[in-house]
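full-length UniProt numbering applies: residue 1 is where the sequence shown begins, and numbers increase by one.
There's no promise every hint is true.
In silico DSSO-like pairs for lysine-lysine, Cα to Cα no more than 27 Å straight-line [said to hold, decoys possible]:
#1 K205 / K39
#2 K144 / K162
#3 K205 / K144
#4 K153 / K205
#5 K205 / K162
Hints were generated in silico from the structure; no laboratory data involved.
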Amino acid sequence: MAVRILAFGNSLTEGWCEFGTRFHPYTLKLQNLIESECKTESIDIVNRGVSGETIDEMNARLPEVLDEGGPFDIVIILGGTNDLGMRLDENGEPLFSRLRSLHELALRHSPLSVAVTVPETGYETMDGYTVVREKRLQVNALLKNFVQQCGSKMLVSDLATKLPRESLSDEDRRTLWADHLHFSPAGYDRMGEIIFEDIRHCLSKTLNA
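Model the full structure from these sequences, guided by the hints.
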């Protein structure tokens, strides 16, 4: 029986690149790695990324995705980039609370939910946008703490640390990032590699169950 994985999120899950004229989701690389490294074709990855969505919109959509497409053995969730600039959130706590709701819902339908940290944006170093960085760092810290409290039911994939933007060389940034928010196809492939390495242990246990 195939292991079923749901990849849920916004444009970074859908694989938005080249000004929206092309999509290259990280799940392409993830599926390839699972099949080759885990020596199995018993894998079904469902990508439900929708570009432009906020976490509130994701919370409204997830129940239907889980009900109609499930059950899933693993749910991978990345959201928050489109919420960072919203002025209604003075700090990261309300944003984290909405993210937590997504994972709590996922865990009612799946034995494992994977929290992907919110990656950097190119706006964070611009004048007047430092609050975006502070908010993102707070959200990611709260997310990591929540995962730790949940024990074996959750994993964190620290994409923000493992695929940075501002600390890269100009050449690497051009290779891995398409713009201030989105990755290039090579960047999405790297994202797939990162998530694979982070879920690999649990994936092996699921495949061998």
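- Satisfaction of hint between K162 and K205, Cα-Cα up to 27 Å: 24 Å, holds
- Query: Is K153 close enough to K205, meaning Cα to Cα at most 27 Å?
  - Reply: OK: K153 and K205 at ~13 Å, within 27 Å.
- Message: Against the 27 Å threshold, does the CA-CA distance of K144 and K162 hold or violate the hint?
- Response: Given pair K144, K162 holds - Cα atoms ~14 Å apart, limit 27 Å.
- Query: Within a Cα-Cα threshold of 27 Å, do K205 and K39 meet the stated pairing?
  - Reply: 14 Å, holds
- Message: Hint check: K205 vs K144, CA-CA at most 27 Å. Holds or violated?
- Response: 22 Å, holds
Checked against the numbered hints given earlier, this structure breaks none of them.
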